[in-house]
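J.: Let's have the full structure, built from the sequences with the hints guiding it.
Going down the list, the sequences are from chains A and B.
Residue numbering for the first sequence follows our numbering, beginning at 23 and increasing consecutively.
Residue numbering for the second sequence follows our numbering, beginning at 465 and increasing consecutively.
Some hints here could point you the wrong way.
[Unchecked claim] Covered stretches of chain B (in silico footprint by chain A; criterion: 3 or more residues with CB under 8 Å from a CB of chain A, positions within the stretch not fixed):
{"no.": "1", "stretch": "698 to 707"}
{"no.": "2", "stretch": "792 to 800"}
[To be verified] Restraint ranges, calculated between C-beta atoms of paired labels, are given here:
{"no.": "3", "chain 1": "B", "residue 1": "Leu555", "chain 2": "A", "residue 2": "Ile240", "range": "32 to 42 Å"}
{"no.": "4", "chain 1": "A", "residue 1": "Glu78", "chain 2": "B", "residue 2": "Glu606", "range": "53 to 63 Å"}
{"no.": "5", "chain 1": "A", "residue 1": "Ala55", "chain 2": "B", "residue 2": "Pro762", "range": "52 to 62 Å"}
{"no.": "6", "chain 1": "A", "residue 1": "Gly218", "chain 2": "B", "residue 2": "Pro762", "range": "19 to 29 Å"}
{"no.": "7", "chain 1": "A", "residue 1": "Ser238", "chain 2": "B", "residue 2": "Glu777", "range": "25 to 35 Å"}
[Stated by the list, open to error] Computed cross-link-like contacts, DMTMM-like style, restricted to lysine to aspartate or glutamate with a CA-CA straight-line distance of at most 20 Å:
{"no.": "8", "chain 1": "A", "residue 1": "Lys185", "chain 2": "B", "residue 2": "Asp794"}
{"no.": "9", "chain 1": "B", "residue 1": "Lys560", "chain 2": "A", "residue 2": "Asp130"}
{"no.": "10", "chain 1": "B", "residue 1": "Lys670", "chain 2": "B", "residue 2": "Glu575"}
{"no.": "11", "chain 1": "B", "residue 1": "Lys670", "chain 2": "A", "residue 2": "Glu186"}
{"no.": "12", "chain 1": "B", "residue 1": "Lys719", "chain 2": "A", "residue 2": "Asp105"}
{"no.": "13", "chain 1": "B", "residue 1": "Lys697", "chain 2": "B", "residue 2": "Asp794"}
{"no.": "14", "chain 1": "B", "residue 1": "Lys798", "chain 2": "B", "residue 2": "Glu838"}
{"no.": "15", "chain 1": "B", "residue 1": "Lys798", "chain 2": "A", "residue 2": "Glu186"}
Please keep in mind that the hints were generated in silico from the structure rather than gathered at the bench.
Every residue gets a Cβ at the ideal spot worked out from N, C-alpha and C, and that includes glycine.
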Amino acid sequence: MKNPKIIEGEIVERVEQLEQEQVIKLSAAALEAGMEPLRLLDLIAEGMDRVGKLYESQDYFIADLIMAGSIFKDVLKLERMADNFQRENSGRKIGSVVIGTAQGDIHDIGKDIFKGMMEVSGFLVIDLGVDIPKQIFVEKFHEYRPDIIGISGALTNTIETMKEIVDSFVESGNRNKVKIIVGGNHLTKDACRYIGADQFANDVTFGVHACKAWMSDISHKGVNKND
Amino acid sequence: MSGQSLLQERIQLFNDAVRMKKTHRIPQVSNFWTWKILDSEYKLSEALFDYNKMEKVMCDFHERYQFDGYLDLGTRNPVKVTSALGGNQYLVDDEKEVLNIHDQVFMEAEEYPELAQNPVKFLWTKILPRKYKKMTEAGALESFKNTTNEMLAFAEYNTKITKKFTDEYQVPEMLNIYGGGVILHPFEMLFNFLRGIKGLSIDIRKSKETLMEAMDAMYEMFVKPSVLALEGKTPETAAFDMYSALLAHSILSTKQFGEIYWPILKKVIDKLVETNKTMYIFSESTMMRFCEFFQEVPKGHLVIHTELDDIFELRKKLPNVCLAGGMPADLLGKADVKTCVDYAKKLLDELGRDGGFIFSQNKMMSFRYDCKRENLLAVSDFVRNYRL
Chain A
23 MKNPKIIEGE IVERVEQLEQ EQVIKLSAAA LEAGMEPLRL LDLIAEGMDR
73 VGKLYESQDY FIADLIMAGS IFKDVLKLER MADNFQRENS GRKIGSVVIG
123 TAQGDIHDIG KDIFKGMMEV SGFLVIDLGV DIPKQIFVEK FHEYRPDIIG
173 ISGALTNTIE TMKEIVDSFV ESGNRNKVKI IVGGNHLTKD ACRYIGADQF
223 ANDVTFGVHA CKAWMSDISH KGVNKND
Chain B
465 MSGQSLLQER IQLFNDAVRM KKTHRIPQVS NFWTWKILDS EYKLSEALFD
515 YNKMEKVMCD FHERYQFDGY LDLGTRNPVK VTSALGGNQY LVDDEKEVLN
565 IHDQVFMEAE EYPELAQNPV KFLWTKILPR KYKKMTEAGA LESFKNTTNE
615 MLAFAEYNTK ITKKFTDEYQ VPEMLNIYGG GVILHPFEML FNFLRGIKGL
665 SIDIRKSKET LMEAMDAMYE MFVKPSVLAL EGKTPETAAF DMYSALLAHS
715 ILSTKQFGEI YWPILKKVID KLVETNKTMY IFSESTMMRF CEFFQEVPKG
765 HLVIHTELDD IFELRKKLPN VCLAGGMPAD LLGKADVKTC VDYAKKLLDE
815 LGRDGGFIFS QNKMMSFRYD CKRENLLAVS DFVRNYRL
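T.: Okay, structure coming up:
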């Protein structure tokens, strides 16, 4: 068995290089040798953070983020990870988000990449799926009381449905209890203002940064979910 | 101006634009897809499943807005053909006014060698039975007969509407169907019809060698015949020789584009240059990061219709390529007439003054809120009459 520090460094590097088989092999060996699942998760997150930086510099692009998501999912499937890793109970989550693709759209790629990056970043993510109507978003808000609502869409018609979803939070008196981020290639500052969201993101890393910043802000100021 | 001369004038305008010559007015191309149905008296399903209604949609649309060319004549989505064979990739929802298309995954990464060995056989024996369940069920022969009839009906509509536009409306075809026609890069075929976005993204990393071999075989079988056909003559009714759409490039980094996508696209472009022909490329999403590849293309052969790039920045980076697009759906759908016309004027003045620009909408206009009728009427009228 190699020096644990060397293995840890190798895991991070293999994640950064998106070498799926090597990541899984090294992770399984590390767990077998007694590494704590949460320690492994930290290493994967460190590697993913480097992937995010390579995406921001455009050395990596969307296909690479999808590959990164696939690696992350496979690591979570490893025996001790699956047995031990329960984010809800880990006490390590930095926030929670309910996400879904707006009604009228069945695209899930952007949403799924965002979901993976948010989970790696320590968020609890409740994924509602695609073609989600406004009432489901509100219903799930009441059920999970998330810090953030994330609405995804690839089609231009989602600007209207995103607005309807945000409006339904206003109408139900919940708008000031939750942050809302909308994501999609077609979104602009003007579209975001029209929708009434707090933030928009054309790429996932920006979206994740925004959500992390909110959580940092919330941890200082707090958000009243029980108004 | 006589009808015939209007057709010739339009073809000349397009040809001058792609050759980067100054034009007395800027030609405009319609990038309207299902929006034109929503602008008509019909529901989506009514027009998509009835060629007579679709013809009326197209004719009313042209008579109302009078574009110089159309990227779609109601022929993009052959829903009747695929439905006859039990395909369910098209989801037409009249209530939400949406035509959605499922991500299509019909092959596994392990099957690339088989695809490479014989693409046609692989499609017939593996993909079609997976995609169209009726091909493997009792009564398959009858289903196939019905599908053939639907294909013939679709082809008949295609021919009829194209002829009507060239003969009656004097609107040229956007491509030479007997020459280059429509080509789809093998990576696009894999992305759109075979492996899906997620599968292909992983294949780039895990199965790159077999993926590249399969793409080479697909090029020989499906793309090369069109490329060779560029050696023929351009008919007098076509504005361009070849048409292609880029979508799958949107998942690639610059390095991946250079290794996976560009080599085959370059073969096509090299032939265009050799035969002095032209191609109209509709590029979904953004393509600014790939400019270094297109900068090497000799002036006068390509139109790139950009969707989400800043077209003014793209102009600076690609002085050798005719650009199309520019008019934002955001404005057409949300702003007032004056704002829309002002922006159209800015596009014409800044991009059209020295030639090499075709006015169009940036997005594929598909949904009701993509555009307001009064905005489109005002903008198309302004562009048609504006003289530089």
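J.: Each of the hints needs a verdict: does it hold here or not?
T.: Verification of the hints:
1. 698 to 707: violated (count 0)
2. 792 to 800: Coverage by chain A holds for the stretch 792 to 800 of chain B (4 residues, Cβ < 8 Å).
3. B:Leu555 <-> A:Ile240: 32 to 42 Å: 39 Å, holds
4. A:Glu78 <-> B:Glu606: 53 to 63 Å: 56 Å, holds
5. A:Ala55 <-> B:Pro762: 52 to 62 Å: 60 Å, holds
6. A:Gly218 <-> B:Pro762: 19 to 29 Å: For Gly218 of chain A and Pro762 of chain B the Cβ distance comes to about 49 Å; the hint is violated.
7. A:Ser238 <-> B:Glu777: 25 to 35 Å: Cβ of Ser238 of chain A to Cβ of Glu777 of chain B: about 34 Å, so the range 25 to 35 Å holds.
8. A:Lys185 <-> B:Asp794: 14 Å, holds
9. B:Lys560 <-> A:Asp130: Holds, at roughly 18 Å.
10. B:Lys670 <-> B:Glu575: 13 Å, holds
11. B:Lys670 <-> A:Glu186: 42 Å, violated
12. B:Lys719 <-> A:Asp105: This hinted pair is violated, its Cα atoms lying about 39 Å apart.
13. B:Lys697 <-> B:Asp794: 40 Å, violated
14. B:Lys798 <-> B:Glu838: Judged against 20 Å, a Cα distance of about 11 Å means the pair holds.
15. B:Lys798 <-> A:Glu186: Measuring from Cα to Cα gives roughly 16 Å; hence the hint holds.
Comparing the model with each earlier hint shows violations of hints 1, 6, 11, 12, 13; every other hint is respected.
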